[in-house]
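Chains as they are written, first to last, in our numbering: chain X, 1 to 217; chain C, 1 to 217; chain U, 1 to 209; chain L, 1 to 209.
Keep in mind that a hint or two might mislead.
What the hints assert, rightly or not - Computed spacing ranges between beta-carbons, pair by pair:
1) A181/L - A66/X: 37 to 47 angstroms
2) R70/C - M60/U: 38 to 48 angstroms
3) M60/U - M196/C: 51 to 61 angstroms
4) R70/C - R55/U: 49 to 59 angstroms
5) Q145/U - A66/X: 40 to 50 angstroms
6) Q131/C - A181/L: 34 to 44 angstroms
7) A216/C - S54/L: 26 to 36 angstroms
8) D5/U - E82/X: 43 to 53 angstroms
Said to hold, decoys possible - No farther apart than 27 angstroms at their CA atoms in a straight line, the calculated lysine-lysine pairs in the DSS-like style are these:
9) K91/C - K130/C
10) K4/L - K2/X
11) K4/L - K136/L
12) K2/X - K217/X
13) K200/U - K2/C
14) K130/C - K130/X
15) K2/X - K71/X
16) K130/C - K71/C
17) K58/C - K71/C
Hints were generated in silico from the structure; no laboratory data involved.
Cβ coordinates follow ideal geometry from the N, Cα and C atoms, glycine included.
Below are the chains, spelled out letter by letter.
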Amino acid sequence: MKRSISPDYAIEIIPDGARIMIGGFMGVGTPERLIDALVASGTGNLTVIANDTALPGKGIGKLITAGSVRKVITSHIGLNPETQRLMNAGKLEVDLVPQGTLVECIRSAGVGLGAVVTKTGLGTAVAEGKQILELEGQLYLIELPIHADFALIAARQADYVGNLEYALTAQNFNPIMALAAETVIAEPDHIVPVGMIPPDAVRTPAALVDHLIERAK
Amino acid sequence: MKRSISPDYAIEIIPDGARIMIGGFMGVGTPERLIDALVASGTGNLTVIANDTALPGKGIGKLITAGSVRKVITSHIGLNPETQRLMNAGKLEVDLVPQGTLVECIRSAGVGLGAVVTKTGLGTAVAEGKQILELEGQLYLIELPIHADFALIAARQADYVGNLEYALTAQNFNPIMALAAETVIAEPDHIVPVGMIPPDAVRTPAALVDHLIERAK
Amino acid sequence: MDAKDRIAQRVAQEIVPGSLVNLGIGLPSLVASYVATDQGVYFQSENGVIGLGSRPPEGMEDPDLTDAGGGFVTAVPGAAAIDSAMSFGLIRGGHIDLTVLGALQVDSAGHLANWMIPGMLTPGMGGAMDLATGAKRVIAALQHQTRGQSKIVNRCDLPITSTRQVDLIVTDLAVFDYCDAGLRLIELMPEIGLDEVGSKTQASFVVAL
Amino acid sequence: MDAKDRIAQRVAQEIVPGSLVNLGIGLPSLVASYVATDQGVYFQSENGVIGLGSRPPEGMEDPDLTDAGGGFVTAVPGAAAIDSAMSFGLIRGGHIDLTVLGALQVDSAGHLANWMIPGMLTPGMGGAMDLATGAKRVIAALQHQTRGQSKIVNRCDLPITSTRQVDLIVTDLAVFDYCDAGLRLIELMPEIGLDEVGSKTQASFVVAL
Numbered sequence: 001m002k003r004s005i006s007p008d009y010a011i012e013i014i015p016d017g018a019r020i021m022i023g024g025f026m027g028v029g030t031p032e033r034l035i036d037a038l039v040a041s042g043t044g045n046l047t048v049i050a051n052d053t054a055l056p057g058k059g060i061g062k063l064i065t066a067g068s069v070r071k072v073i074t075s076h077i078g079l080n081p082e083t084q085r086l087m088n089a090g091k092l093e094v095d096l097v098p099q100g101t102l103v104e105c106i107r108s109a110g111v112g113l114g115a116v117v118t119k120t121g122l123g124t125a126v127a128e129g130k131q132i133l134e135l136e137g138q139l140y141l142i143e144l145p146i147h148a149d150f151a152l153i154a155a156r157q158a159d160y161v162g163n164l165e166y167a168l169t170a171q172n173f174n175p176i177m178a179l180a181a182e183t184v185i186a187e188p189d190h191i192v193p194v195g196m197i198p199p200d201a202v203r204t205p206a207a208l209v210d211h212l213i214e215r216a217k
Numbered sequence: 001m002k003r004s005i006s007p008d009y010a011i012e013i014i015p016d017g018a019r020i021m022i023g024g025f026m027g028v029g030t031p032e033r034l035i036d037a038l039v040a041s042g043t044g045n046l047t048v049i050a051n052d053t054a055l056p057g058k059g060i061g062k063l064i065t066a067g068s069v070r071k072v073i074t075s076h077i078g079l080n081p082e083t084q085r086l087m088n089a090g091k092l093e094v095d096l097v098p099q100g101t102l103v104e105c106i107r108s109a110g111v112g113l114g115a116v117v118t119k120t121g122l123g124t125a126v127a128e129g130k131q132i133l134e135l136e137g138q139l140y141l142i143e144l145p146i147h148a149d150f151a152l153i154a155a156r157q158a159d160y161v162g163n164l165e166y167a168l169t170a171q172n173f174n175p176i177m178a179l180a181a182e183t184v185i186a187e188p189d190h191i192v193p194v195g196m197i198p199p200d201a202v203r204t205p206a207a208l209v210d211h212l213i214e215r216a217k
Numbered sequence: 001m002d003a004k005d006r007i008a009q010r011v012a013q014e015i016v017p018g019s020l021v022n023l024g025i026g027l028p029s030l031v032a033s034y035v036a037t038d039q040g041v042y043f044q045s046e047n048g049v050i051g052l053g054s055r056p057p058e059g060m061e062d063p064d065l066t067d068a069g070g071g072f073v074t075a076v077p078g079a080a081a082i083d084s085a086m087s088f089g090l091i092r093g094g095h096i097d098l099t100v101l102g103a104l105q106v107d108s109a110g111h112l113a114n115w116m117i118p119g120m121l122t123p124g125m126g127g128a129m130d131l132a133t134g135a136k137r138v139i140a141a142l143q144h145q146t147r148g149q150s151k152i153v154n155r156c157d158l159p160i161t162s163t164r165q166v167d168l169i170v171t172d173l174a175v176f177d178y179c180d181a182g183l184r185l186i187e188l189m190p191e192i193g194l195d196e197v198g199s200k201t202q203a204s205f206v207v208a209l
Numbered sequence: 001m002d003a004k005d006r007i008a009q010r011v012a013q014e015i016v017p018g019s020l021v022n023l024g025i026g027l028p029s030l031v032a033s034y035v036a037t038d039q040g041v042y043f044q045s046e047n048g049v050i051g052l053g054s055r056p057p058e059g060m061e062d063p064d065l066t067d068a069g070g071g072f073v074t075a076v077p078g079a080a081a082i083d084s085a086m087s088f089g090l091i092r093g094g095h096i097d098l099t100v101l102g103a104l105q106v107d108s109a110g111h112l113a114n115w116m117i118p119g120m121l122t123p124g125m126g127g128a129m130d131l132a133t134g135a136k137r138v139i140a141a142l143q144h145q146t147r148g149q150s151k152i153v154n155r156c157d158l159p160i161t162s163t164r165q166v167d168l169i170v171t172d173l174a175v176f177d178y179c180d181a182g183l184r185l186i187e188l189m190p191e192i193g194l195d196e197v198g199s200k201t202q203a204s205f206v207v208a209l
């Protein structure tokens, strides 16, 4: 059984300059309370790995606006003009990665593979400076695994030991990121007794989760 | 909505010499009725891709005993002495692959990746004749994707359109194989109306399933 | 009916019953409303749902059920929810029968550019590179011109999205595909003449009407 | 208590409360019965369950809930069912705290051989190569000798399972680990003398009792 902790307490373990994965897709399925606590803590110089930077005032958008982020590794920033403004002003480094490559690089880090071998990005700006591999007469791009110090993930429901269940499109990157960070902090909407999430419904096994965030006050 | 078909009818589309993935782990979560129909059909010269060859008289073991199989790509044959006897007699080619590499090679074929880059097998007999890749000072083995013409999979439950749900350890290779074959034939224990498998419980989306086997008589 | 709707309606005719289709955000998302609901067509949204439906009833929107733009959607009976690794596994693995993508430019080689305008706008590629590379069939759906400039060009000067050739281009003026001789005009949109297409297209093309 | 049970009991002492443990089939599977059930230890079985439990009640066995050998098992409260890709993702990704593997031989370099005897027996590696390579900690659990031959050897002559060095060896005679000087005897099993271990071990080792 895990003890649940407050968002503020969880965020204390994250130092300036940390490399953080944050679940969510345009702010859907994103751990808003952890993000609020992170903004409030003043922790800065972060590298954020996420599908997108959401919108101003929502999810990761709050961290961008607060200036907490030095670098973002992401697939899409089109709905957050603030991200583009900071990038153009040289205040935010943006590393754009195709979405399927991004999720697979995170997965490969989590499941102990050395690289992702993909056709996506071949012959485009994404391939610049990267190794090309020829296999059976076909060319592929070698993309390296993406690890993080912390993963902040959102879930619909956890049980007391930390098994997680997700809902609909709020799932997105969350279960993959739970594999790829040193420390995984999960913010569930609900925490239920052991046995209420049947084994077949678990999408992230408890063994991957280090900390559970307590219920919203 | 799909029409359900009989095991015999399904097996008619599989020609001699076909390359077939079969779900199951020591005969658990394996499509027994399809295997029985395949044995009865007399179809031969098959290449079977599966975690193991089960036991004599169970699951894939029936195909081995019937002499239907020319080659098996698998991780374990230790519980089927018949497989070892045929192998030693030169009547069955056995390609042994580490279990994690096997499932990941099947997945890579299914999700459009060009290779699996792994440390498993490095410096062992498994690495013989294979390409080694150095990335960031680490050595990895390059393992190629494994495709099949057909995947015969077992599921606890399907709905009328072909979404699949699995149970406990009967899941194993089934959802991964459903990604990696030209034609996917699913043998569910139960077939229920659309809407009875909630979207979050689906493990194999209907779009991957070509044929559903009708209820047992 | 405005230009975008005319394009969407024409693209909808390309959708085969029983197929799995991904529609990009923006113009392509309009295509869904021109596809009959009894055709067994499933729409995949790369954020993690197969079986995307229309808008939810007012007051019944679920914040955990959205499209790739973050807008509220419904799901049809038989829908499946998947994580991003599975979603892009389906895309890259060739399990999506058709994707319809918007474009800033498409060129004579069938290359699509739709993720950045250097120095001006950088939305990022999102899922477009995987879709353009991995889907079984790719349709570029775009307005023929922007500010009087042809978007059908001999060679993209914007960064391309994939080296894989698109299969079909549908604009408000015409429909093109590719043959051995390159870009080929195969259809004029209603009330559009060949001369107009010729004068408004930068790329060379052959005609096979 | 026979030799196998003594080995299993000793291995059980290495299991840290709250850890995730994979036990190989055969001898290693005996370890579970020596681990207290209130220690928050979860057993993973590579066929797809985390939270493997003991034998089910007679008549209540479920054919869909088995261990890696295909035998009926139970699952503890808080168990999770996973597919083989996730199962080996956890194994190869370093999420398994400890694996206990049987062995035909272990050598001075810490290499384990446990998947074939050329010309005699070829069970195959199953999950052993991934486990030996990817788990955070690897314990080889084996009888010290077979038919009077030492299984702790200077160099495996059987095909090895991984080049990754095992962390600990537990036999019915002794416990070894590895230090800069190589194989190191760190513990004698009850009623076993140093001379006996010396005479029954082919490999050279240093002693640090």
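The hints, checked one at a time:
1. A181/L - A66/X: 37 to 47 angstroms: For A66/X against A181/L, whose Cβ atoms are near 54 angstroms apart, the range 37 to 47 angstroms is violated.
2. R70/C - M60/U: 38 to 48 angstroms: 57 angstroms, violated
3. M60/U - M196/C: 51 to 61 angstroms: 21 angstroms, violated
4. R70/C - R55/U: 49 to 59 angstroms: Given about 55 angstroms between the Cβ atoms, the range holds.
5. Q145/U - A66/X: 40 to 50 angstroms: Given range 40 to 50 angstroms: holds, Cβ gap about 41 angstroms.
6. Q131/C - A181/L: 34 to 44 angstroms: At roughly 36 angstroms between Cβ atoms, A181/L and Q131/C fall inside 34 to 44 angstroms, so the hint holds.
7. A216/C - S54/L: 26 to 36 angstroms: 32 angstroms, holds
8. D5/U - E82/X: 43 to 53 angstroms: 32 angstroms, violated
9. K91/C - K130/C: Roughly 25 angstroms between the alpha carbons, so the hint for K91/C and K130/C holds.
10. K4/L - K2/X: 35 angstroms, violated
11. K4/L - K136/L: 24 angstroms, holds
12. K2/X - K217/X: Holds, at roughly 19 angstroms.
13. K200/U - K2/C: 46 angstroms, violated
14. K130/C - K130/X: 22 angstroms, holds
15. K2/X - K71/X: 32 angstroms, violated
16. K130/C - K71/C: 20 angstroms, holds
17. K58/C - K71/C: 18 angstroms, holds
The structure is inconsistent with the numbered hints 1, 2, 3, 8, 10, 13, 15, although it conforms to all the rest.
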